[in-house]
Amino acid sequence: MTGDASRIRRRNRLDKGLFLCVFIGPALLVYTVYNIYPIFATFFYSLFEWTGIENTKTFIGLENYAKLIRDRIFHRSLGNNVLLVFASVLTQIPLGLALALLLQSKIKGMRFFRTVYFLPFLMSTVAIAIMWMFIYNPTFGILNRALADIGLASLQRSWLGEPSTAMGSVIAVICWQFAPFYMILLRAGLAGIPEELLEAARIDGCTPWKSFTRVTLPLLVPTLVTAVVLSTIGSLKYFDLIYVMTEGGPDSATELMATYMYKQAFRQFSMGFASAISTCMFVLSFIVAVTILSLDRYRARGGA
Amino acid sequence: MKVAKGLLLHLLAVAWLLVAGYPYLYMIGTSLKSQENFFKNPTSLIDAYTFANYRLVVELGIIRYFLNSLVISIVSVVLIVLLASMVSYCLGRIRFRLNRPLYFLFIAGMMIPVHTTLIPVYILTREMGLYDQLWALLGPYIAFSLPVSVIILTQFAREIPTELEEAAVMDGAGRTRLFAGVVFPLLTPAVATVTIYNFIHIWNEFVFALVLITTPGRMTLPLGLREFYGEFSVNVPGIMAALTLGTLPLLIAYFISQEKVVKGIAAGAVKG
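Each protein sequence line maps, in turn, to chains A and B. Sequential numbering from -15 applies to the first sequence in our numbering. Sequential numbering from 150 applies to the second sequence in our numbering.
The following block holds chain B by itself, in its conformation from the complex:
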């Protein structure tokens, strides 16, 4: 009975392993095949390896998309962390009349579906003269990351013991110094969560980029992958190489710090 149960569990575990993992293997395996080989035998995983597809994808400018994504993701995340920590410091540690209402205002943002804002954001971006520029994405990305970030950071900021701050006040520190020198360093674990959560979301973000950017040279990676798909039509190994490269940064981050990535996503969801 016990053996049978163990066997069943292992069987189930392996079954989902295949479902979750096989498409990845297929993607990476195909990206290493020559086109000729692929059409001869599309299902085989291991063949004569070639890096020609990666060379082709790089020659066709995937680096451009990559850099665009990297720049907008990093700048957005840095600004989100900065702005959200500043807000959370005030909401979590300072008493003032508008504290509760402001906190609820930020939480309410979690309920707003992105698509409701799409048309006004598009019109607004045109009017601001930012349309079809990478920086057009900065505002929407920051705004939509603020609710989760503020919730996580405020809850964390509330738990910091007041003694540390009191000691710094004795030493004559002002509020700004308290924030930068005492509270912000203590927020580090929550900042890590917020950084990872937002980076993954922004790196993969699609719909704002789709609406706000049209020139290929200014596109982020998700849009760029679609361009490749359009151009390559039947060059399946080429597209798979592009997909693999596009997924690589998150995979690397995941393998370096699996616990952090998983925790970041769970925290973002639970707090939401």
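Next up, chain A with everything else stripped away, as it sits in the complex:
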């Protein structure tokens, strides 16, 4: 009897193990090959001088990183990434919050507003980039035309062509694209705030502003933290829109780490150097994400 039972149990365990392998194995394999392995491979490649086409790799240790630290364009792109982080966090999230609050107020035709507000986020980044290149176009773009129409012709310029305005112009488009995303995210956060709390604040005689700063905002902090993390990490690795609109130009005015990395890898074929940029991006995003999340944990414990 006992022999039978233990045999059955052993068979069950074997079945379970086999089942888990079959069910998890395929996903784990794809995930490892395309997600986990590349992180180590990137670091490994960054230790070589290598075109990526020929098979000859020359081991140069940390030489690529030393080069990176001295590289002017990399400094520039890192600066632009930092600028993008601040611009994104300080404009997209407040704008998204304002829109989310606007959608909560009683406006006629709310459904219509909500539908349209979300539209920018649906378009592919490439489509957005191409469309805005025409809006910014110096000769027939609607922006310059509109400026002329309202008597501000002196402000007309080649928005993407001049180093002084290119970054700002691109950041405006990024804002346009992502504000709806944060609107959705924060609206979900707002929906989670119990109606009774706001009701209680109202009964206690709080002004709308006071109930916003004392009740809504504190309860929204977890969602805001998520938003800040997403927007920071997103800005550190940003690529698509800027690559299509300016390719990092003019004169690296809009260069980002990711565009610089792409150009070094796939135009200059300096795979080793480009891998060093990649590794830096990874380490930076990792440090930033961990920092924000641990600060948040500290706050949640009542530390600050």
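Everything labelled a hint here was simulated from the structure, so no lab data went into it. Hints are not guaranteed to be accurate.
[Unchecked claim] In the EDC-like style, the derived pairs of lysine to aspartate or glutamate whose C-alpha atoms are separated by at most 20 Å in a straight line are:
| hint | chain 1 | residue 1 | chain 2 | residue 2 |
| --- | --- | --- | --- | --- |
| 1 | A | LYS247 | B | ASP281 |
| 2 | A | LYS247 | B | GLU315 |
| 3 | A | LYS0 | B | GLU408 |
| 4 | A | LYS0 | B | GLU315 |
| 5 | A | LYS41 | B | ASP281 |
| 6 | B | LYS189 | A | GLU180 |
| 7 | A | LYS51 | A | GLU33 |
Could you slot chain B onto chain A? The hints should help.
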């Protein structure tokens, strides 16, 4: 005071309505203009309508890009849903030693910036002989969609009451039947979220396609739109027609099921 406040709110609401909506109107309006008309009056929205630009864009092969995008998006999403549900079933409903570590391994993927993997994925794809083929995109697309999908589906799978499964076990169902017959059907709401979220991302994906595909006939829509932009130079209405067509599928999906699309994106973000 109250009237003034209401007025201000409406004003703000309308202002953002214009900012968010006007570029769309501009895109669609321009796509319906003749080139001549456009240069005569580039800012006007309504003119004599013509569908010539759409005909031109179709003749120049936008359908090819469209089909490529459709095929890779559908195949990727189907495989993602299948693989992620299988994983989530195990992580959400079966006890085993590696459960927690595996779950964290999948979550950690959310922190990996796509660009860090670009060079190794490019080298790997070349070595596998998949370079410059549509199917080269399948692996990266699945791998990068897995973390969000696994998180959403696992959390959902954990909430399913065990009674249903126990009843099926009484009837002698094995694990595979439990998954296919009992748990998977109950995952439907989460599957809808995962499907929508991933479809939008893959339909619009740019950087992997840029690195892995070079032949125009094998390009997906975002790359194809860039090709049009390169070829058309000043045929602005033509490009706008291409952009409008490229955005159409997501617009249609959005108008059919706005709540689902919005929920899908919010869920994907919050869980992330």
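Okay, the hints, checked on the actual structure:
{"no.": "1", "hint": "LYS247(A) - ASP281(B)", "result": "holds (19 Å)"}
{"no.": "2", "hint": "LYS247(A) - GLU315(B)", "result": "violated (57 Å)"}
{"no.": "3", "hint": "LYS0(A) - GLU408(B)", "result": "violated (39 Å)"}
{"no.": "4", "hint": "LYS0(A) - GLU315(B)", "result": "holds (17 Å)"}
{"no.": "5", "hint": "LYS41(A) - ASP281(B)", "result": "violated (24 Å)"}
{"no.": "6", "hint": "LYS189(B) - GLU180(A)", "result": "violated (58 Å)"}
{"no.": "7", "hint": "LYS51(A) - GLU33(A)", "result": "holds (12 Å)"}
In this structure, the hints that do not hold are numbers 2, 3, 5 and 6, in rising order.
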